[in-house]
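Enquirer: Following the hints, position chain B against chain A.
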Amino acid sequence: RKEVEQDPGPFNVPEGATVAFNCTYSNSASQSFFWYRQDCRKEPKLLMSVYSSGNEDGRFTAQLNRASQYISLLIRDSKLSDSATYLCVVNNNAGNMLTFGGGTRLMVKP
Amino acid sequence: EPEVTQTPSHQVTQMGQEVILRCVPISNHLYFYWYRQILGQKVEFLVSFYNNEISEKSEIFDDQFSVERPDGSNFTLKIRSTKLEDSAMYFCASNPQGGDTEAFFGQGTRLTVV
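Just so you know, the sequences run in chain order A and B.
Using our numbering, the first residue of the first sequence is number 56, and each one after it goes up by one.
Using our numbering, the first residue of the second sequence is number 10, and each one after it goes up by one.
Isolated chain A (complex conformation) (with noise of 0.2 Å):
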């Protein structure tokens, strides 16, 4: 079993659309957890933290369910720019070593 999964996608989805992404992870001592988004070609850049409550950044919502191992991402009112692939990241050991999912693509399209 991969240490972190998601559905590799492409999501096409038009402008102003809602979309959510899954993720698992395996090892269930992970301590921390992260979206990152990556564009074609450049550096991951955290997009946010995901917190056990729950956390939102304006269009942008994440959840994780420790019990099910499983977080997710929701983007509302989807923008051109928020074209990218999506990086599920989990911290297993105090900062030491991220793990990274395989990234699911999402292509916004007027």
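Bear in mind the hints are in silico, worked out from the structure with no lab data behind them.
None of these values were measured; they are calculated from a predicted model.
It cannot be assumed that every hint is accurate.
To be verified - Simulated crosslink set (BS3-like; lysine-lysine; CA at most 30 Å straight-line):
hint : chain 1 : residue 1 : chain 2 : residue 2
1    : A       : K97       : A       : K57
2    : B       : K87       : A       : K100
3    : B       : K66       : A       : K100
4    : B       : K92       : A       : K164
5    : B       : K87       : B       : K51
6    : B       : K87       : A       : K97
7    : B       : K87       : B       : K66
Expert: Chain B only, in chain A's frame:
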């Protein structure tokens, strides 16, 4: 805004040659990392470095690889005797204190082994 810088942006090398990839982490950060991403594949952890020593390494990080922090600013990844399959984007990252704080990534060095 402080950033992680990597040089060179692109390196082409012949199989069997040694390469050194260079990184300048953000100055007050304590944790440093190297990751790689083979084209079309996921980002993979190679090694983490804290307090002047390796703290974690993956199975990818074998004897072919080494890291150094030769002075107070640079953090290098050396690959001895490169193989074709070492061709990838190599990302350096730094983190102020580990845990759930953000890791900042450099723009990467694209290594092509021919």
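Enquirer: Kindly indicate which numbered hints from before are broken by the structure, ordering the numbers from low to high.
Expert: Going through the list in order, the structure violates hint 4 alone and respects the others.
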